[in-house]
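One letter stands for each residue in the lines below.
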Amino acid sequence: MIVLLKMLVFPGFAFLFAAALAFDWIDRRMIALWHGRVGPPWYQPLADFVKLLAKEDIVTEGTHSVAAALLPIVSLASVLTASCYIPVGGTVGTSFEGDLIVVLFLLSLPALAYFLAGWVSTGVYSILGGHRSLLQYFSYEVPFLMAVACPAILSGSWSIATIAQAQARTAWHAAMLPVGFALALIGLIGKLKRDPLDIPKAKSEVVAGPLTDFSGRKLALWHLTMNVQTVLGIFLLVNLYFGESRFLDRMPALPVFGLKSVVTLLAMSTASALYARLRIDQLMDLGWRVLSPLALIQILGALWIGG
Amino acid sequence: MGPTDPEIREALGHLAQTVDAHIKSGMHDESVVRVTPEDLQIAVTILTDRLGVTHLSAITGEDLGGRLRLMYHFWHGRGVTLETELAADAATVASIVDLVPGATLYEREVHGMLGVVFEGHPDPQPLLLPDGWAGPPPLRKEATGG
Amino acid sequence: MARTTVPIGPQHPLLKEPVAFQIELEGERVAESSMRMGYVHRGIERLCQERTYVQNLHLVERVCGICSHIHATTFCQTVESLLGLEVPLRAAYIRALLCELERIHSHLLWMGVLARNIGLDTIFMYAWRDREVSLDIMEELSGGRVSHAVNVIGGVRQDIDSEQVQSILERLDALDQQLARLLDVVEHERSLRGRTKGIGRLSLAQARAYCAVGPVARASGLDIDLRRDALRPPYDRLSFEVPTHTDGDVWARTLVRMQEAVVSVQLCRDLLTGMPGGPVSVRAPRRVPPAEAIGRSEAPRGEVFYYVRSDGSDTPARVKIRTPTLPNLVTLPVQLGGVTMADVSVVLSGVDLCIACADR
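Residue numbers (the numbering used here), protein chains in the order written: chain A, 1 to 307; chain B, 308 to 453; chain C, 454 to 813.
Keep in mind that a hint or two might mislead.
As the list claims (entries may be wrong) - FRET-style restraints, in silico, Cβ to Cβ:
#1 Glu477/C to Pro313/B: 46 to 52 Å
#2 Glu97/A to Ala633/C: 57 to 63 Å
#3 Ala441/B to Pro41/A: 52 to 58 Å
#4 Val507/C to Thr352/B: 38 to 44 Å
Claimed, not checked - Pairs of lysine-lysine residues, derived as DSS-like cross-links and limited to a Cα-Cα distance of at most 25 Å, are as follows:
#5 Lys6/A to Lys203/A
#6 Lys469/C to Lys203/A
#7 Lys469/C to Lys650/C
#8 Lys203/A to Lys55/A
#9 Lys650/C to Lys203/A
Bear in mind the hints are in silico, worked out from the structure with no lab data behind them.
A virtual CB, placed ideally from N, CA and C, is assigned to each residue, including glycine.
Using the sequences and the hints given, assemble the complete structure.
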């Protein structure tokens, strides 16, 4: 019963749904602040979601309709499954040694589904966007995985909850592995396909990339998946790099966690506002010539500090 | 800055000696030379080689009733226009695209709007007309009813 | 390698106006490109033949939304040439003032669009916010933000008083500072440079051969500017810089346009402070004698060319309009050769297409 409540309400689906909408709103307000605008009201993400649900679901001729219907569901399901293992302010659905690997796997399934969404659509923009999304995946995923592995190496455990708690004894991993945190953040921006790494869905180039032909309920699910992925990605990074701290253990855990997450989100929003979109070859250059070597160095650093 | 009036006059004088050209007056601040359609390419060559003109501003076409008038407006610090006339039912003239590559879209527009055939043009599609335009060229007298 | 054909247009998020490009990609590189225009062809040249000169004044202002005033001004100058009319100097100053304000607004609009197309929405917001200053000034002077109807044949419709001059000068100072900041960003922001430097190269020889005009030509080193070269009042009594560059890529064009906007602000100041007194229009005769005339001006995108022939009736026999986007479109296949798909949007943005102008 408790497990069911945890899964459905907190820190499960209902909480994630609310957090996804809230984070979207905070993101848009922060970017608007940088733009010198006001930004949307608090209910805008919810209104957008509801509106999309009500819109006509067009399936273009030649699209594999079963695949097109299943892909957003599979995407959403995989991120929601990943949420079982990610602690939120100390509360976690379940954890076991090695759940970090499972979460990383589950969080990279949406990337595959995204590519397949472009593959099963017939428009040229979808296919181009799909190509780019795979190229992008190979550029950010390697440094991201290595950067996420560093805290695990440092704390000697592959369970997210354990890594988060281990920082109470030592210090925040972000303080000990700052390069790792930066790399993980960049990798997360790539994973979430946010500006400046929204190359697969660059509006002025490939219209909407793999999702060009999606509309209505399917598109609503895709957007929800991306928003939930944003939330979970941030939660993951906060747990791994800004976990529990002995200086803050007197304060209530959930608000502190929320604050850390929001600050991370604001950092990502600022990156969105400040940089122009990279070209795919510029990203590949960056990923393989700068980020991956730095990640390797950080792993060595983690081994040295931990050992 | 472009050439002085004497330089232009000298070049146009040379043009008048080389081909059957007639220097017109009447346009304020613009030199106008009338040549025959056959001499058009030579006239353009004289302008580009002797006077160093490179900039073609526009090609104006007009249906004067029975004959079509083409004007090639060059700019070289001063305006220099080459004018030529074609018969409306035999509207063919050599293209100057290999002399002035920038003429390509202008010639296509005159082709579409007036039905002039530019021999040697690499892509003789009308520029602004809809696909499958079946009527007369829109600026011809039969189309404007003038 | 297999070729993919990517259609851009007639509707595409990249394009403000309908035009169709067919881009053939080999992998991610452009192998060939072709263009189809005429989607907004309204037959304005033909319509001009069926309307009086005064009606045509309002018609040609609607050739383009962004550079409406320069079209009306050039048409007026051409008709005034036909009539042998000399407009009062004060009218020429007021016309030029609006031309320069239009240049500022057009370049800032373009800057925003370029920024948006490369994913730098922040600069889009900042550039369009700064553009509001020039639009507000134009609205105060003429009653319209983008459609001014200031010209009459023989001068301008209304005068400007010293209070307006003062308030405009203050706002120009603020605009100057904002433009300086934008120029700083363009010159130093690495991600912007990374997306625009080296893209869409047009050499000086190519610019000359294709008769390119405006900032596209000036960015390739072709030093042409009809404000300075045609020696019409009031530009013949003002000294101003004409920014050029040598690289011929999109970044060079960005620099040229931003620097031109800065020069235009200074020109506005000079025009306001140096404006002579006198009437703002002369009476134009009712009948236009049979004659022909040519008018050339420097629009924000380059040379705009008008030819008008009158046959003595109250409608012109021929009005020929050649807008600056047309020769710049000829350079597109050259610019698009060998760039990646991502750069196509940068190149298309960099050439500052005004399809309504090109199609007429």
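Would you mind confirming whether the straight-line C-alpha gap from Lys650/C to Lys203/A stays at or under 25 Å?
Measuring from Cα to Cα gives roughly 21 Å; hence the hint holds.
So if I understand the rule, the pair passes when the alpha-carbon distance is 25 Å or less; does Lys6/A with Lys203/A pass?
38 Å, violated
Looking only at beta-carbon atoms, does the pair Val507/C, Thr352/B fall within the given range of 38 to 44 Å?
42 Å, holds
Is the straight-line distance between the alpha-carbon of Lys469/C and that of Lys203/A 25 Å or less?
13 Å, holds
Just to be careful, I want the Cα atoms of Lys203/A and Lys55/A compared with a cutoff of 25 Å; is the pair within it?
21 Å, holds
Does 57 to 63 Å hold as the CB distance between Glu97/A and Ala633/C, or does it fail?
59 Å, holds
Taking the beta carbons of Ala441/B and Pro41/A, is their distance inside 52 to 58 Å?
55 Å, holds
Mind checking the hinted window 46 to 52 Å against the Cβ distance between Glu477/C and Pro313/B?
With Cβ atoms ~51 Å apart, the hint holds.
Does Lys650/C sit within 25 Å of Lys469/C, going by the straight-line distance between their CA atoms?
Cα-Cα ~23 Å, so holds.
Going down the numbered hints, you'll see the structure goes against just number 5.
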